[in-house]
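*Asks:* Here is what each chain is made of, one letter per residue.
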Amino acid sequence: MIPFSPGDLLAILPELIVMGVGCLLLVIDPLTAEDRKERLVYISLAALAVAFIAQYWLLGLRRPVFSGLYVLDPYGTFWKLLLILVAGLVILLAKAHLKLEAIDLGEFNAFILLSLSGMMVMVSGRDLLVIYLGLELMSISLYIMAGFKRFERRSMEASAKYFILGSLSSGILLYGISLLYGRTGSTMLSGIKAGLAGLPPHDPILLLAMILLVVGFGFKVSAVPFHMWTPDVYEGAPTSVTAYLAVASKAASFAAFVRVFMEALGGVKANWQVLLLIVSIATMVLGNVVAIVQTNIKRMLAYSSIAHAGYALIGLVVADAAGVAGVMLYLALYAFMTLGAFTVVTMLRKGGLEGDEIEDFTGLARRNKWAALLMLLFMISLTGIPPTAGFIGKLYIFMAAVGAHLTWLAVLAVIFAAVSAYFYLRIIMVMYMREPGETAGTPGHNVRIVASPAIIAVLLVAAAGVLVLGIFPDPLVKAAQSAILP
Amino acid sequence: MVPLSYYMVLSAIVFLTGFVGVLIRRNIIILLLSIELMLNATNINFVAFSHYLNDVSGQVFVFFTLTVAAAEVAVGLAIIIALYRGKATVNVEDLNLMKW
Amino acid sequence: MTPDAVPQNYLPIVIILFAAAAFAIVSLLAGMLVRPSRPYQAKLAPYESGAPIFSDARSRIPMRYYVIAMLFVIFDIETVFLYPWAVVFKELGLFGLIEMLVFLAILIVGYFYAWKKGALEWD
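Chains as they are written, first to last, in the numbering used here: chain L, 21 to 506; chain A, 198 to 297; chain C, 765 to 887.
Derived by calculation from the structure, the hints in this document are not laboratory data.
Mixed in with the good hints, there may be bad ones.
In the SDA-like style, the derived pairs of lysine to any residue whose C-alpha atoms are separated by at most 20 angstroms in a straight line are [claimed, not checked]:
| no. | chain 1 | residue 1 | chain 2 | residue 2 |
| --- | --- | --- | --- | --- |
| 1 | L | 370 | L | 463 |
| 2 | L | 57 | C | 873 |
| 3 | C | 880 | L | 48 |
| 4 | C | 807 | C | 796 |
| 5 | C | 880 | L | 463 |
Facing chain L, from chain C, some residues (calculated, C-beta under 10 angstroms) [what the hints assert, rightly or not]:
| no. | residue |
| --- | --- |
| 6 | 785 |
| 7 | 800 |
| 8 | 844 |
| 9 | 847 |
Here the structure is a predicted model, which is why all the values come from computation and not from measurement.
Backbone N, C-alpha and C define an ideal beta-carbon position, used for all residues, glycine too.
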C-alpha cells in the first residue's frame, strides 16, 4: 500500500494551484475570443496571488512529503515565495509588452505557470528524480517561450540554440545522476549522503558523477564555461521572457544546485569546492570583461547575469550556513534589479521594434526623466554601490567568503565588481551626458517611451525592492538566515 | 551473468557517441537524435545499476526519462518546424544572426 | 560468476546467429540455382500488384507529418505508465485509479488544446 496522507496534498497546495491553473489556461485559451485574452492574465495573476498566500501560510513548516521524495521546508518556501512573486511581475510586464510585440497572451500565461510549477517542484524535491522532472518541466516550457516571436528569426534562433544546448546539458546531468545512483544505490538526497559515507573520498566514478552534475547545473545557472547559450538566448527571446529567464530560471537552478550539493554531496565538500572555485572565478572574469564590449543592451545584461552567477557561486564555494544564506539573499536582491532593468528595456520602442541597442538610450534623460532615473537606480544596484540592494547582496556573499578564510576570493570579486562599473555606468553616461539625436541615423533618434499602468506597477515594485531592501535589508536577511538548509 | 562493468562501458560508448554527435554534426535533426542517444545511454546505466543493486528505483527513473525524452523530442520537432518555416534550413551553421 | 564465464554464456546466441545466416544464404542460393529466370518490366516493379508507379519512393515528406509525429510521440508514451499501473492495479486500488485518472485528465488537456488549435486538421 502506498503511504499517503491528505497532509501531503496540503503541503504541496501552492504547486497544485499553479499547475492546475496552468492546465486550466490551456483549456480556456482556445475558447476565449481574441479580444478577451486579457482575462487570462487576470486569472493567472489571481492564481499566483492565491498560491503566494498558501505558500506564506506554510512558512516555517518543515516536514517530509510523499515518503521523503519531496519536502516542505523553509528553504524551499523562501525560494517559492520569490519565484511566485517574480512570475507575477513578469506576467504584468508581459501583459503590456506582448501586446506591443503582437504575441499571443493566453499561451504565454499558461507557459509561465507551467514553468513556475516546474521550478517549485525543483526547489523542494529531495529525490534526484523529482528534481530532474521539475528541471525539465521548467526548461521545456522555457525553450518554447524563447521562441514566442515566431515571425522573428532571432527569436526562433534563440529557441533552437536554447533547446539544443539545454537538452544537451540535461542529458549530461542525467548521466551524472545515473552514475551517482550506481555508486550509492539511491536517488534520494539523504540516501546518497548515506551511501557516500561508505565510499572512499576519491572514488573515480563518484568524481566523474560530481563533475557531470556541476556541468549540468552550471549550464542552467549559466556559469562559465557553460554559458555559451546565454547571450544569444537573452538577445533573441522576447524581452519579458528574457527577464523571466534571467531571474526566475536562474534562481530556481541555483536553489536546486545548492540543495543537491549541500544535502547529498555535503559530506565530500572538499572534492567539489575547488572545482566550483575555478568555475566561479572564470564566470566573474569572463562575464564582466566581455560585457564591456557589447553594443546590445540585452546582450550586455546577459553577460552581466553571467557575472552575477559568478558572485552567487562564491556562496556555494564557501558551502556553510553563511554561504547558503548569501546565495539566497543575493539572488532575491538580484531578482529586483534585473527585472527592473529589463522592464526599462521593454519600454524603449524604435519604430515598430524594440530599442535594444545601447545607443538607443542616448539622451534618454531628456526624453523621459523617470525612465532614465529608474535605469540609473538599477544600474547602480547591479554595480553594487550602496545604498542599493546590489550592495547588500554582495556584502553578505563577500562576508561569507571572508568568514571561510577565502579573503583573496572576496578581494578578487570586489575588483571585478569595480570592472563592472565601467559598463553599467556607461549606460548612465549615455542617458545623461548625451543629447538625443534629432536627425535620422543619429543615436537615440526616433526612440519613444511606451508606458502602461502594468509596466509602471512592475517598475515601482522593482525600484521599491532595490531601494527599501538596500536600506532596510534586515527582514530579508533574517528570512534567508532562518531558511538555510539544516 | 554479465558483469556490471560491461554495461557501464557500453553506456559510456553510447553516451560519448551522442555527445560527439551533438558537437560535430550540423543537421538539427541529427543533433536531436544524438541527444536521444545520450538519454538512452543513461537508461542503460539505470537499468544495469538497478538490476545489480537489486533496487527498483533505477527502473522507475527510466520510465520518467523516457517520458521526458518524448516531451523533449516533441518540443524539439516543433521548434525545428518553426525554424524551417522561417529560414528554410535545418543546418545549425545557418543559425548565425547572433554572435558574441 | 567471474567475467571469464561471459563468452561461454553468449555461445548459444552466436550459434543461432550463424545458423540463421547460413539458412538464409543456403535457401537463397538454392532458389537462384534451381529457378528459371525470365524477367520483364512488370515483374521487376517493386509491387507486383498491378498499380502503376507514380513517383520515386525517396521523395521529401511534407512537414505536416512532423505535427502528426509530434502528437504521436506524446500520446504514445503514456503507455509507459499505463502498463505498470495495469499490472499492479489490484494492489493500488482506488488510490491508483484516481492517480491514473488525474494523469489521463492532464493528457486530455493536451489533446483538447491540440485539437482546438487545429493540429489535427489535415489541410
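*Asks:* Indicate, hint by hint, whether the structure satisfies it.
*Replies:* Here's how the hints hold up against the structure:
no., hint, verdict
1, L:370 - L:463, "holds, 11 angstroms"
2, L:57 - C:873, "holds, 19 angstroms"
3, C:880 - L:48, "holds, 10 angstroms"
4, C:807 - C:796, "holds, 16 angstroms"
5, C:880 - L:463, "violated, 46 angstroms"
6, 785, "violated, 35 angstroms"
7, 800, "violated, 56 angstroms"
8, 844, "violated, 14 angstroms"
9, 847, "violated, 18 angstroms"
The structure does not agree with the numbered hints 5, 6, 7, 8 and 9 stated previously, though it agrees with the rest.
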